[in-house]
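K.L.:
Spelled out from the first residue to the last, the chains are:
2 protein chains.
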Amino acid sequence: MSMSDTPVHDQVSGRADTLSMSVDSGKRKTIVMKFGGTSVGTIERIRIVAQRVKAEHAQGRRVAVVVSAMAGVTNQMVGYCAELDPLADPKEYDAVVASGEQVTSGLVAIALQALGVPARSFQGWQIPLVTDDAHGKASIDGVDGTELLKCLDNGIVPVIAGFQGVGPDNRIATLGRGGSDTSAVAIAAAIHADQCDIYTDVDGIYTTDPRIVKRARKLDRITYEEMLELASVGAKVLQTRSVGLAMREGVRVRVLSSFSETDDDSGSIVVDEDEIVEKELVAGIASSHDEAKLSVRGIPDRPGIAAAIFGPLAAANINVDMIVQNTGVDRMTNMTFTVGKSDEAAARAVLEKAHGIIQYGELETSHNVVKISVVGVGMRSNAGLAATMFGTLAERGINVQVISTSEIKISVLIDSEYKELAMRALHTAYGLDKKEEPST
Amino acid sequence: MSMSDTPVHDQVSGRADTLSMSVDSGKRKTIVMKFGGTSVGTIERIRIVAQRVKAEHAQGRRVAVVVSAMAGVTNQMVGYCAELDPLADPKEYDAVVASGEQVTSGLVAIALQALGVPARSFQGWQIPLVTDDAHGKASIDGVDGTELLKCLDNGIVPVIAGFQGVGPDNRIATLGRGGSDTSAVAIAAAIHADQCDIYTDVDGIYTTDPRIVKRARKLDRITYEEMLELASVGAKVLQTRSVGLAMREGVRVRVLSSFSETDDDSGSIVVDEDEIVEKELVAGIASSHDEAKLSVRGIPDRPGIAAAIFGPLAAANINVDMIVQNTGVDRMTNMTFTVGKSDEAAARAVLEKAHGIIQYGELETSHNVVKISVVGVGMRSNAGLAATMFGTLAERGINVQVISTSEIKISVLIDSEYKELAMRALHTAYGLDKKEEPST
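First to last, the protein sequences are chains A and B. When we follow UniProt numbering, the leftmost residue of the first sequence carries the number 1, and every step to the right adds one. When we follow UniProt numbering, the leftmost residue of the second sequence carries the number 1, and every step to the right adds one.
By construction, these hints were calculated from the structure, which means they are not laboratory data. Heads up, the beta-carbon is just placed ideally off N, CA and C, and yes, glycines get one too. Treat the hints loosely; a few may be bogus.
Some, not all, of what chain A presents toward chain B, calculated at C-beta under 7 Å [to be verified]: (1) Y80; (2) C81; (3) E83; (4) D89; (5) S99; (6) G106; (7) L107; (8) A111; (9) Q113; (10) A114; (11) S121.
Model the full assembly from the supplied sequences, consistent with the hints where possible.
P.N.:
Spelled out as structure tokens, the structure:
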């Protein structure tokens, strides 16, 4: 029953430490530039990416590049595998799907060379970037920075195929969808990069989704903890695992647009709390539709009820997120909680099987819910922030069904039809609205 | 000035010998099945390939599969590289282009598993199949059969990405266009296969091109030497290098169709001369348009003329194929010879530069020529076979411009407009016509 889906395996070996210490890279900034699928979606866009890299290289920076597959290619490969066998062997799936990043790495290296920038491609097995054997959704066990640092020391730009590594079985392993962000952070840690720039199709991290709240504001800085919570509760800009890894390894991650002009101050940067001078109480508001609400009603109230319900769910590897228990006057209790939508059917089956033990009256499921989360390091010291949330929602007549909190987050489950209203109201209430526009 | 373009580097290590000796594979036949790009061009065709492999596997055979990229994919990748840089770094070109075979190997493994056949893919670096560092057209330096034999011993079908290996620099290297045939033969040698079956879009090796000579006959058997000569003078069915490697390693190569029903006697087999009981004097007739004719006229006749002409050409790495020298009555001599069309401009430049030394009158070039070659082991013992060629061509009024011979081959250069006439006449004269139809 974990509160977040962040795996804890990803780690980076210190094998490269000795080498990096011995070279004089003290004055030159080392950066990782990561480009997603849309940024390298065509040959023309690959040329633009190469120009961006050249511009950094020309400033005397040591640059390593991490790339995704050209947009659409991964889906095509996944489609091929599924057409042959919807339950295709993950090891073969990985060999097929990882080819997309292999192609991009070679093409970007060619594009850089054509601009006069020395470059070479690296596949996961060539680095090596070693993963565990969970093919299709592997975690990084270690990255050997030696070969990459040799390139950087010689003025060569390594262009690394993201999303892939090599497992203990000497076979290609992929990190799961969006894994290129995690690759980039792991590479940045292994080469002791000063910064990991994630080029994407938005120009930074916002206080909330600008498509829902027009007054959403781009954040210049956000802490790892806040970004991690926001990513885990619905913000899509960075993969949760990549943020967790960046936090553990102390990698400064910057998110910026690959489709507009940028400079050293562009985008949003994810850093340690110590680096942020003027801390805001609340960093952002996220929403998630990935929850299903289950209510187990009419349970005879007795000790051990929670264990009787959540024990079997944990045994079935089902993550339970938010929980609320209401005890009625008639000595009957109701337990309401959320699970991931993809786990709903399995959760129902587990509970129906356990009916004899729990002896509940009825089991209800609802999809008609949305989880709204407010995240900010200010919550640690300011108890009034929770009250602001409940007060704001109550004023709008929005009923809170379930509540969960962590050190720097409050999440509420509400009826999904109130989603936009709740987000806009909370955005204003927490003082997150853009200054330029009136916050009425 | 070699007579053929067969490289001599490809070799197969015996590293797997000890292992293969220790297992009891005495009674079970081991075969390699190689499928070209059109045979795996769609998901549906990949399913058909898997069914063919399953049929062999079900007979209790130990089967290894070698695959090309899906038809069209390699050209797409080559196009991407060329669009970025027509002179793309061969190492990056290799990383990009080799992805095609990687995808097919994984997909064929999935298709086999879906049919209940245990299978796993192998990339060149996983075997490893080690090449030299001539990226883009690498030769095989050695194949370690250990991992492949482990699979076979466990009833698993290894599905190997053809066309690719790993260079001494730990980078992906490709073997040049058509290199998957060579991969298949090298794999067959490494796992001591009884036979290497090359599935393609024709149903065997013919006495000549059936599109030109309707009475062309499929050969049940042909010797390595004959196939090697035929491949080097224009027969396209097998890559020259693959035949040379098969000959040196003693791999029986069978060519058969992947688009029709086949059995153990289908197609044509390339074997050692000793295995052919009823030898035919002539195996086949091939034609090639890849030659350019150069004539250096009006050279003062003196010793050392040949060295003065061919020395600089050799120094410029230009292969000269056929040579004829005519000395006139006026103490002037003419030298006529052929080079590959792609070398023509370079050859002209070399000769123009050497004009002061050679002191020739004029330099003429012609593309309007075709090389017709008759190949057969019978030539070793039967001098009359050459006479048949010249007599047949003379009867038709076809002028022979240049002649070259090897132990088992006679090639003549003629005006290209006589190509079909010459081929049909020679086919009949050497008794190669199909029996069923009248040979008038």
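K.L.:
State the violated hints by number, sorted upward, taking the hints as numbered earlier in the document.
P.N.:
Going through the list in order, the structure violates no hint and respects every one.
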